[in-house]
Amino acid sequence: MNSFRFLLAVIAGKSAYLASRLNGGAGAALPGLVAERVYPGVLEVLSQQCTGGSIVICGTNGKTTTSRILSEALNPSHPNLVYNRSGSNLIRGHIAAFLEQSSWSGKLHADLAILETDEAVLPHLLKRLSTVRAIVLHNLFRDQLDRYGEVDTIARKWLEALKANLKPETILLINADDPSLAFIARELRHPHTVFYGLDDSDQGSKQPTSTLDAILSPISGKELEYSTYYLSHLGDYKDSSSDFRRPELAVAAQKIAVSESGFSFELHTSQQSLTLSSSLPGLYNLYNALAASACFLELSQDTAALTKAVKNNSGAFGRFEKIQIDNKELVLCLIKNPVGATEVMRTLSTSQVPYGIALLANDNFADGQDVSWYWDAQFELLKDGKAFFCGGTRAEDMAVRLKYAGITLPIVVEPDIAPLFDRIISQTPTQKVYVLTTYTAAMALQKLLSDRGYKQPYWQE
Amino acid sequence: MHLTIAHLYPSTMSTYGDQGNVICLRQRAEWRGITVSVEPVEIGAPLPKQVHWYFFGGGQDAAQAALAADLREKATRIREDVESGTPLLAICGGYQLLGESYSPFDAPIIQGAGLFPIRTEASHDRMIGNLIISANGELQLPKEQTIVGFENHSGKTYLLEDAAASPLGQVRQGNGNNGADNTEGCLYHNAIGCYLHGSLLPKNPHLADWLLERACRLIDPGFTLQPLDDTLEWQAHQAILDRYHVS
Numbered sequence: 001m002n003s004f005r006f007l008l009a010v011i012a013g014k015s016a017y018l019a020s021r022l023n024g025g026a027g028a029a030l031p032g033l034v035a036e037r038v039y040p041g042v043l044e045v046l047s048q049q050c051t052g053g054s055i056v057i058c059g060t061n062g063k064t065t066t067s068r069i070l071s072e073a074l075n076p077s078h079p080n081l082v083y084n085r086s087g088s089n090l091i092r093g094h095i096a097a098f099l100e101q102s103s104w105s106g107k108l109h110a111d112l113a114i115l116e117t118d119e120a121v122l123p124h125l126l127k128r129l130s131t132v133r134a135i136v137l138h139n140l141f142r143d144q145l146d147r148y149g150e151v152d153t154i155a156r157k158w159l160e161a162l163k164a165n166l167k168p169e170t171i172l173l174i175n176a177d178d179p180s181l182a183f184i185a186r187e188l189r190h191p192h193t194v195f196y197g198l199d200d201s202d203q204g205s206k207q208p209t210s211t212l213d214a215i216l217s218p219i220s221g222k223e224l225e226y227s228t229y230y231l232s233h234l235g236d237y238k239d240s241s242s243d244f245r246r247p248e249l250a251v252a253a254q255k256i257a258v259s260e261s262g263f264s265f266e267l268h269t270s271q272q273s274l275t276l277s278s279s280l281p282g283l284y285n286l287y288n289a290l291a292a293s294a295c296f297l298e299l300s301q302d303t304a305a306l307t308k309a310v311k312n313n314s315g316a317f318g319r320f321e322k323i324q325i326d327n328k329e330l331v332l333c334l335i336k337n338p339v340g341a342t343e344v345m346r347t348l349s350t351s352q353v354p355y356g357i358a359l360l361a362n363d364n365f366a367d368g369q370d371v372s373w374y375w376d377a378q379f380e381l382l383k384d385g386k387a388f389f390c391g392g393t394r395a396e397d398m399a400v401r402l403k404y405a406g407i408t409l410p411i412v413v414e415p416d417i418a419p420l421f422d423r424i425i426s427q428t429p430t431q432k433v434y435v436l437t438t439y440t441a442a443m444a445l446q447k448l449l450s451d452r453g454y455k456q457p458y459w460q461e
Numbered sequence: 462m463h464l465t466i467a468h469l470y471p472s473t474m475s476t477y478g479d480q481g482n483v484i485c486l487r488q489r490a491e492w493r494g495i496t497v498s499v500e501p502v503e504i505g506a507p508l509p510k511q512v513h514w515y516f517f518g519g520g521q522d523a524a525q526a527a528l529a530a531d532l533r534e535k536a537t538r539i540r541e542d543v544e545s546g547t548p549l550l551a552i553c554g555g556y557q558l559l560g561e562s563y564s565p566f567d568a569p570i571i572q573g574a575g576l577f578p579i580r581t582e583a584s585h586d587r588m589i590g591n592l593i594i595s596a597n598g599e600l601q602l603p604k605e606q607t608i609v610g611f612e613n614h615s616g617k618t619y620l621l622e623d624a625a626a627s628p629l630g631q632v633r634q635g636n637g638n639n640g641a642d643n644t645e646g647c648l649y650h651n652a653i654g655c656y657l658h659g660s661l662l663p664k665n666p667h668l669a670d671w672l673l674e675r676a677c678r679l680i681d682p683g684f685t686l687q688p689l690d691d692t693l694e695w696q697a698h699q700a701i702l703d704r705y706h707v708s
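The listed protein sequences derive, respectively, from chains H and C.
Number 237 in the working numbering belongs to position 237 of the first sequence; there are no gaps in the numbering.
Whatever position you read off the second sequence (first residue = 1), add 461 for the working numbering.
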């Protein structure tokens with residue numbers, strides 16, 4: 001190691017962090033970018049000092065919420081966690097998170113790291129971390145095909161990366177309900193693998209609930225048979241032409257109740273059972289709590305801390321985040337891909353009070369430039385909305401999607417988010433407005449809200 | 462009037478918002494009082510007796526390999542239908558599979574269904590982005606002659622000499638069939654194969670109606686469609702033309 005370059009990298013990165021914060025930014029990625037430019041091995045040197053190792057959380061949907069619940073549960077025992085809280089989940093975000101917990105001389109003040117990780121970045125990260133405590137593989141849905149490629153391609157890259165880098169002491173947590181992840185686990189035969197999943201056929205459906213991705217058996221190539229579908233292709237499946245089937249669950253969610261106002265379930269392992277509840281809406285958040293719990297219980301037996309973290313979690317920014325503006329209640333929901341968007345809409349459609357709908361759709365790189373996925377999500381679920389607004393760089397595409405979803409009310413189309421926001425506030429006939437946004441549109445809206453004093457910047461939450 | 466849509470292999474070949482084309486065609490029919498049934502046709506299942514429109518989307522490589530043999534068994538019937546005027550839309554993987562052949566890098570050549578006179582070769586160039594073309598004059602589209610969509614493919618497709626086939630259009634923005642010869646897609650009788658998703662039909666209502674009208678004419682040869690209010694659809698179309706300053 002070149003200690004001079006390392007030191008320079010830390011100082012440059014931490015300075016960039018300060019400069020960014022002074023300018024009102026989050027400092028979530030730039031410090032990492034700067035530090036790595038000065039010394040490419042900066043992540044290796046910082047993460048080596050983390051004696052408890054890193055927990056890597058990866059999947060298409062639910063990374064941020066899962067990481068957040070896990071960090072809150074671990075916080076009492078590890079107050080100085082390294083954690084990329086803002087959701088900046090590329091390598092630069094990981095470096096920035098380590099820098100935040102290091103001194104100006106590059107000494108790390110933390111013994112454990114939680115790293116939410118982008119799907120495409122996982123192979124690179126695993127190569128660079130020397131101590132990985134646990135890896136959570138949460139789900140693989142179709143997402144931004146223009147950026148990530150197809151589901152099969154990502155699964156193959158993950159498998160190759162794990163084959164090359166998985167160490168015997170690392171705990172591998174796998175969502176057993178996802179066939180492509182179960183296949184990865186089967187190929188790896190890693191001794192310390194923990195399968196989590198849902199075990200409540202009353203919750204699921206016998207028929208597919210929405211667009212499906214990975215339903216061919218990776219062994220026989222034949223279509224998998226599902227006894228229960230829980231969420232898209234997540235479910236209880238088997239291949240009638242081979243011995244491939246959903247693995248036995250080590251951590252199972254039973255007696256599930258979900259609604260727009262929260263969820264509860266019983267968590268069962270061979271050692272214990274716990275009842276967990278939360279005000280986070282929807283089945284997908286239950287999956288996130290289950291993943292966080294399965295990981296937590298491998299590290300700690302402090303079930304009180306876990307119960308509390310699940311219960312008190314208010315959700316990460318843009319995940320059914322409520323904001324009061326005059327007499328309106330805005331509920332902000334990020335939508336990024338067909339499965340996530342459909343589950344958000346399924347959840348909000350159970351609302352007991354009338355609501356308006358605003359859709360802010362951008363097609364910048366981080367949103368995915370291909371907007372075809374609008375047609376794979378079930379916008380038909382919005383039919384009970386009392387007013388409709390479309391904004392963002394793809395406002396018109398979204399409006400067309402709503403029209404073909406059978407929305408007959410007039411749709412306000414205004415690409416520019418600031419004037420559209422004013423119209424949402426002044427023209428919605430209901431108190432409640434669900435604002436569904438793609439990633440960069442969410443950032444733009446958050447900035448608008450904080451500029452106008454309605455909320456704190458998201459990274460301070 | 463009642464139309465039957467055959468949606469080929471929807472459980473595995475419906476990757477890039479392909480469903481949007483089916484939703485669009487169905488809605489545009491129903492808004493005019495024409496009823497529609499969509500028949501999913503999976504591997505091993507027979508085609509419906511009477512088909513008024515075929516749709517075939519894109520999928521992952523493994524899925525495409527799994528259905529190639531089944532598609533070859535259905536190819537004769539599909540070809541007969543198309544050559545007697547049945548409209549068809551195939552996108553990306555579906556377009557490639559309906560061609561003569563596909564040459565992967567390191568595996569034997571896959572024989573296609575042989576409907577479109579095209580051959581496709583694997584390449585290392587990922588052709589991704591918005592795609593705008595000027596439509597082939599043979600389509601005789603009303604007014605607007607542009608077709609807009611989004612492409613995401615690495616296969617390079619080349620049209621073979623065939624008097625009955627021509628490109629769907631000329632590339633104005635993007636790559637099209639192969640990024641070299643300025644062509645996009647293939648038009649063969651009333652069958653269209655192309656790399657345009659996005660989804661294609663919802664923001665190209667002229668093309669949607671072109672297909673729909675030909676489907677209706679299988680039942681009533683003199684049929685013409687009632688116009689609809691397509692203001693929103695054309696706004697979405699225009700927004701992408703404006704972005705690239707294409708007129």
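FYI, nobody ran anything at the bench for these hints, they're computed from the structure.
All values derive from a computational prediction rather than experimental measurement.
Hints are not guaranteed to be accurate.
As the list claims (entries may be wrong) - Using 25 Å as the maximum straight-line C-alpha spacing, the simulated DMTMM-like pairs for lysine to aspartate or glutamate come out as follows: (1) H:Lys222 <-> H:Glu260; (2) H:Lys157 <-> H:Asp200; (3) C:Lys604 <-> C:Glu674; (4) C:Lys535 <-> C:Glu491; (5) H:Lys383 <-> C:Glu582; (6) H:Lys163 <-> C:Asp567; (7) H:Lys386 <-> H:Glu321; (8) H:Lys238 <-> C:Asp531; (9) H:Lys255 <-> H:Asp200; (10) H:Lys386 <-> C:Glu582; (11) H:Lys206 <-> C:Glu503; (12) H:Lys163 <-> C:Asp522; (13) H:Lys383 <-> C:Glu544; (14) H:Lys328 <-> H:Glu298; (15) H:Lys163 <-> H:Glu44; (16) C:Lys604 <-> C:Glu582; (17) H:Lys386 <-> H:Asp326; (18) H:Lys308 <-> H:Glu187; (19) H:Lys386 <-> C:Asp691; (20) C:Lys617 <-> H:Glu150; (21) H:Lys328 <-> H:Glu260; (22) C:Lys617 <-> H:Asp384; (23) H:Lys238 <-> C:Glu582; (24) H:Lys222 <-> C:Glu674; (25) H:Lys386 <-> C:Asp690; (26) H:Lys255 <-> H:Glu187; (27) H:Lys322 <-> H:Asp202; (28) H:Lys157 <-> C:Asp522; (29) C:Lys535 <-> H:Asp384.
As the list claims (entries may be wrong) - Some residues of chain H that are not near chain C, with every Cβ distance over 12 Å (derived): (30) Asn75; (31) Pro76; (32) Ser105; (33) Thr153; (34) Ala161; (35) Lys167; (36) Lys222; (37) Asp302; (38) Lys308; (39) Val371; (40) Ser372.
Backbone N, C-alpha and C define an ideal beta-carbon position, used for all residues, glycine too.
These are the hints, each one checked on the structure:
no.	hint	result
1	H:Lys222 <-> H:Glu260	36 Å, violated
2	H:Lys157 <-> H:Asp200	32 Å, violated
3	C:Lys604 <-> C:Glu674	16 Å, holds
4	C:Lys535 <-> C:Glu491	29 Å, violated
5	H:Lys383 <-> C:Glu582	44 Å, violated
6	H:Lys163 <-> C:Asp567	24 Å, holds
7	H:Lys386 <-> H:Glu321	20 Å, holds
8	H:Lys238 <-> C:Asp531	23 Å, holds
9	H:Lys255 <-> H:Asp200	6 Å, holds
10	H:Lys386 <-> C:Glu582	50 Å, violated
11	H:Lys206 <-> C:Glu503	19 Å, holds
12	H:Lys163 <-> C:Asp522	23 Å, holds
13	H:Lys383 <-> C:Glu544	41 Å, violated
14	H:Lys328 <-> H:Glu298	43 Å, violated
15	H:Lys163 <-> H:Glu44	20 Å, holds
16	C:Lys604 <-> C:Glu582	35 Å, violated
17	H:Lys386 <-> H:Asp326	19 Å, holds
18	H:Lys308 <-> H:Glu187	36 Å, violated
19	H:Lys386 <-> C:Asp691	23 Å, holds
20	C:Lys617 <-> H:Glu150	18 Å, holds
21	H:Lys328 <-> H:Glu260	18 Å, holds
22	C:Lys617 <-> H:Asp384	45 Å, violated
23	H:Lys238 <-> C:Glu582	36 Å, violated
24	H:Lys222 <-> C:Glu674	37 Å, violated
25	H:Lys386 <-> C:Asp690	22 Å, holds
26	H:Lys255 <-> H:Glu187	31 Å, violated
27	H:Lys322 <-> H:Asp202	30 Å, violated
28	H:Lys157 <-> C:Asp522	15 Å, holds
29	C:Lys535 <-> H:Asp384	42 Å, violated
30	Asn75	41 Å, holds
31	Pro76	44 Å, holds
32	Ser105	44 Å, holds
33	Thr153	8 Å, violated
34	Ala161	20 Å, holds
35	Lys167	30 Å, holds
36	Lys222	9 Å, violated
37	Asp302	43 Å, holds
38	Lys308	42 Å, holds
39	Val371	7 Å, violated
40	Ser372	3 Å, violated
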